[in-house]
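Given the sequences, and given the hints that come with them, work out the whole structure.
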Amino acid sequence: EAQVTQNPRYLITVTGKKLTVTCSQNMNHEYMSWYRQDPGLGLRQIYYSMNVEVTDKGDVPEGYKVSRKEKRNFPLILESPSPNQTSLYFCASSSPPALAGEDGEQFFGPGTRLTVL
Amino acid sequence: SQQGEEDPQALSIQEGENATMNCSYKTSINNLQWYRQNSGRGLVHLILIRSNEREKHSGRLRVTLDTSKKSSSLLITASRAADTASYFCAGSNYKLTFGKGTLLTVNP
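Chains as they are written, first to last, in the working numbering: chain A, 1 to 117; chain B, 1 to 108.
Since the hints were made in silico from the structure, they are not lab data. A portion of the hints provided could be inaccurate.
[Said to hold, decoys possible] Computed Cβ-Cβ distance ranges for the label pairs, DEER-style: (1) G16/A x E53/B: 47 to 53 Å; (2) P39/A x K95/B: 19 to 25 Å; (3) K69/B x G16/A: 44 to 50 Å.
[As the list claims (entries may be wrong)] Covered stretches of chain B, going by a simulated chain A footprint (3 or more residues, C-beta under 8 Å): (4) 36-48; (5) 96-104.
Backbone N, C-alpha and C fix where the C-beta goes; we use that ideal spot for every residue, glycine too.
If you want it as structure tokens, here you go:
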């Protein structure tokens, strides 16, 4: 089954304790992205990756790191989590767009609900 | 900055009625996409309309795009209780930017 998986699905942690949220897709997609979703703010992009070893900042990258060493995996790293990073996080992937400058259909993971105390 | 802004923020209708949601965007786009999200779950892609298209259909969904007004609408016909969800538009111009969503409640 084509899917994007995220782990863990739920995580409660404390300020400053490094954590990693994993994301994996089995659709051979080149493009992957991380979003956070907060009430009243909608979805905001944290980081994205156009291909292996190519990553770039989204709208809210502060406090996050990513890596793309393999095509299928795109982990999100919080080196020193803070309470303002409490949020619902989504990983997404998509195949290359049909036309230059376009974004194709994105496939979303089930989400990771993170609470930082 | 928000590329898509949905209107209304919340919509409540009876089963069988049609639901219309609107989206406005600020800058030029190559395509506009609509997604659906059930509470707390991942978004699911519904439909994509390109900037050179004016209308597109998919099952009970009808999407229109007016690039001169920088707006799009999503119509769900003959709504069902299972359509209850949040609906997001997202504008694409080298980057996909999502709006804040419309919460649709379909009452049985």
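Each hint tested on the structure:
1. Between G16/A and E53/B the beta carbon distance is about 49 Å. The supplied range of 47 to 53 Å therefore holds.
2. Here the CB-CB span from P39/A to K95/B is close to 23 Å, well matched to the stated 19 to 25 Å.
3. Between K69/B and G16/A the C-beta distance comes to about 48 Å, which sits within the given range of 44 to 50 Å.
4. Restraint check on the stretch 36-48 of chain B versus chain A: 7 residues with Cβ-Cβ distances below 8 Å, three needed, restraint holds.
5. Here the stretch 96-104 of chain B counts 6 residues with a CB under 8 Å from a CB of chain A, which clears the bar of 3, and the coverage holds.
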